[in-house]
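Undergrad: On the provided structure of chain Y, position chain F as indicated by the hints.
Residues per chain are reported as follows:
Protein chains: 2
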Amino acid sequence: MNKDFSEIQSITIVGQGNVAWLYNDIMTKQGFAVNCISSRKEIGKEDLEADLIIIAVSDKAIEEVVSKFKLENSILVHTSGTMDMDILRNSAENYGVFYPLQTISKAIEVDFSSIPLCIEASNEKTFTLLSNLGNKLSKKVYKISSEQRKEIHIAAVFANNFTNHLFGIAKQELEKKDIPFEILFPLIDQTIAKIKENNPFDVQTGPAKRGDVLIMESHQARLEDDEREIYKLLSGKIIKKDKELK
Amino acid sequence: MNKDFSEIQSITIVGQGNVAWLYNDIMTKQGFAVNCISSRKEIGKEDLEADLIIIAVSDKAIEEVVSKFKLENSILVHTSGTMDMDILRNSAENYGVFYPLQTISKAIEVDFSSIPLCIEASNEKTFTLLSNLGNKLSKKVYKISSEQRKEIHIAAVFANNFTNHLFGIAKQELEKKDIPFEILFPLIDQTIAKIKENNPFDVQTGPAKRGDVLIMESHQARLEDDEREIYKLLSGKIIKKDKELK
Numbered sequence: 001m002n003k004d005f006s007e008i009q010s011i012t013i014v015g016q017g018n019v020a021w022l023y024n025d026i027m028t029k030q031g032f033a034v035n036c037i038s039s040r041k042e043i044g045k046e047d048l049e050a051d052l053i054i055i056a057v058s059d060k061a062i063e064e065v066v067s068k069f070k071l072e073n074s075i076l077v078h079t080s081g082t083m084d085m086d087i088l089r090n091s092a093e094n095y096g097v098f099y100p101l102q103t104i105s106k107a108i109e110v111d112f113s114s115i116p117l118c119i120e121a122s123n124e125k126t127f128t129l130l131s132n133l134g135n136k137l138s139k140k141v142y143k144i145s146s147e148q149r150k151e152i153h154i155a156a157v158f159a160n161n162f163t164n165h166l167f168g169i170a171k172q173e174l175e176k177k178d179i180p181f182e183i184l185f186p187l188i189d190q191t192i193a194k195i196k197e198n199n200p201f202d203v204q205t206g207p208a209k210r211g212d213v214l215i216m217e218s219h220q221a222r223l224e225d226d227e228r229e230i231y232k233l234l235s236g237k238i239i240k241k242d243k244e245l246k
Numbered sequence: 001m002n003k004d005f006s007e008i009q010s011i012t013i014v015g016q017g018n019v020a021w022l023y024n025d026i027m028t029k030q031g032f033a034v035n036c037i038s039s040r041k042e043i044g045k046e047d048l049e050a051d052l053i054i055i056a057v058s059d060k061a062i063e064e065v066v067s068k069f070k071l072e073n074s075i076l077v078h079t080s081g082t083m084d085m086d087i088l089r090n091s092a093e094n095y096g097v098f099y100p101l102q103t104i105s106k107a108i109e110v111d112f113s114s115i116p117l118c119i120e121a122s123n124e125k126t127f128t129l130l131s132n133l134g135n136k137l138s139k140k141v142y143k144i145s146s147e148q149r150k151e152i153h154i155a156a157v158f159a160n161n162f163t164n165h166l167f168g169i170a171k172q173e174l175e176k177k178d179i180p181f182e183i184l185f186p187l188i189d190q191t192i193a194k195i196k197e198n199n200p201f202d203v204q205t206g207p208a209k210r211g212d213v214l215i216m217e218s219h220q221a222r223l224e225d226d227e228r229e230i231y232k233l234l235s236g237k238i239i240k241k242d243k244e245l246k
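Sequence lines, in order, name chains Y and F. At position 201 of the first sequence the residue is numbered 201 (the numbering used here), and the sequence of numbers has no breaks. At position 234 of the second sequence the residue is numbered 234 (the numbering used here), and the sequence of numbers has no breaks.
Isolated chain Y, as found in the complex:
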């Protein structure tokens, strides 16, 4: 093999999860020659002749899948938010990361062009090829190091996983008194609009921010243990952060 190319045209995707499905869908629509295979299937030589091999399997499975590879020309990337790029270094000359920063499920349609693509590469040439590909798929391509990707993942846990749990509690509390969750949607929308335009810490509101001890106590008295613990901790952190910023 001694192939050189100035543009990625053929792509093999290894994996059967949501990310594999999403990349297959958008790349096929954009006219690329895509070959999507299961990691459990024997990966054939012809599968590894594509310009780009995308490993879209679970974090734990990546190393095992790529352990058999010795790619000279094809670019090898994984799509993980948490794994180092360097876990690919023994499997290819040219490698990188092609990570879509979005919660992806087949059930919920997303506009791919608005998904931030976090790209990292083992060398300049590979980075250029990957970001040219990225720019054909999304309006938002970022150069992100493995170190930065870890920080993004932590931030996403706070901004997505943890907020989701709090929204769950809000719904649960409302339903105790037969109030539809929808009643909070305009407030939630406004919360999001505000944090997009301001530092969230600067526009904090509520009983903790006001230091309204009576209200905080009356709220805690109405909550069950788990929710009370969360209420106490987060109120305390809001008060503390507010003092730090003053």
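None of these hints come from the bench; they were simulated from the model. Misleading hints may appear alongside valid ones.
Intra- or inter-copy, both count: the list cannot distinguish identical chains.
[As the list claims (entries may be wrong)] Cut-off 25 Å, straight-line C-alpha distance, at most; resulting in silico cross-link-like pairs (DSS-like, lysine-lysine):
no.	residue 1	residue 2
1	K232	K209
2	K68	K45
3	K176	K240
4	K246	K176
5	K176	K196
6	K209	K237
7	K237	K150
8	K70	K41
9	K232	K243
10	K150	K176
11	K106	K136
12	K143	K176
13	K150	K232
14	K237	K196
15	K246	K209
16	K176	K243
17	K45	K70
18	K60	K232
19	K209	K241
20	K176	K140
Because the structure is a prediction, the values reported are computed rather than measured.
TA: Same frame as chain Y, now just chain F:
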């Protein structure tokens, strides 16, 4: 005074804060005769001859402001999310609550017609008059008891105040590594879209939900004390809730 009316036409608003300003703005635009006065000013007899007197002062000030009132025909309402309706019972024959469920500030424009109005009244006639007024201002009028209003306030603390703090932490973590907060906006938008269509607990994702101990430990090792405490507590609660639901 022996006035009876089938429709609210004239309104006095007492207060100078954001809610007073917002009601004054929308009610004037809708063609009502609105008189907006400061609670610190001597409230004159003529101010109390309006069909509706709206007390839009801070929670703590409501009782003092209304203590001088003895209204026979005018409807008296407060606009608080937390105070009982009954704090008005010695000040008027007909009283209630007219509470806009939104975080309101002069700096950020809101479409009033999408703000949920939570209405409660001391009798049927008053409720009808208030909800007719509400329907002229907003598409979303709810009959909400004082008890329900307290639950809404607690839910709003979780869905607005606490999530805001978590978004602040997400931004802070990203900025440590020079990553723009905007990179998370599509993920945040998707989080909100998902909770509007599903029970948030049913669509929980992330390391805690997956029971990915290694990732949770590596995240905690990178966080400062305050953020680590929040990470630990919320991850534990996600794991616990997930077990409860299985």
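Undergrad: Could you run down the list of hints and mark each one as holding or not?
TA: These are the hints, each one checked on the structure:
1. K232 <-> K209: Classified as both: same-chain Cα gap 13 Å, cross-chain 23 Å, threshold 25 Å.
2. K68 <-> K45: within (11 Å within a copy, 89 Å between copies)
3. K176 <-> K240: Between copies, since 20 Å is at most 25 Å while 31 Å is not.
4. K246 <-> K176: between (38 Å within a copy, 20 Å between copies)
5. K176 <-> K196: between (32 Å within a copy, 18 Å between copies)
6. K209 <-> K237: Answer is both; intra-copy 10 Å and inter-copy 24 Å each pass.
7. K237 <-> K150: Both: 24 Å inside a chain and 23 Å across chains, each within 25 Å.
8. K70 <-> K41: within (18 Å within a copy, 82 Å between copies)
9. K232 <-> K243: both (17 Å within a copy, 23 Å between copies)
10. K150 <-> K176: Classified as between: cross-chain Cα gap 12 Å, same-chain 38 Å, threshold 25 Å.
11. K106 <-> K136: For K106 and K136, only the intra-copy Cα distance (22 Å) is at most 25 Å; the inter-copy one is 41 Å.
12. K143 <-> K176: For K143 and K176, only the inter-copy Cα distance (16 Å) is at most 25 Å; the intra-copy one is 46 Å.
13. K150 <-> K232: between (29 Å within a copy, 17 Å between copies)
14. K237 <-> K196: within (21 Å within a copy, 27 Å between copies)
15. K246 <-> K209: within (12 Å within a copy, 36 Å between copies)
16. K176 <-> K243: between (35 Å within a copy, 21 Å between copies)
17. K45 <-> K70: within (11 Å within a copy, 90 Å between copies)
18. K60 <-> K232: between (36 Å within a copy, 23 Å between copies)
19. K209 <-> K241: Within one copy, since 9 Å is at most 25 Å while 28 Å is not.
20. K176 <-> K140: For K176 and K140, the Cα distance is within 25 Å only across copies (21 Å; inside one copy 42 Å).
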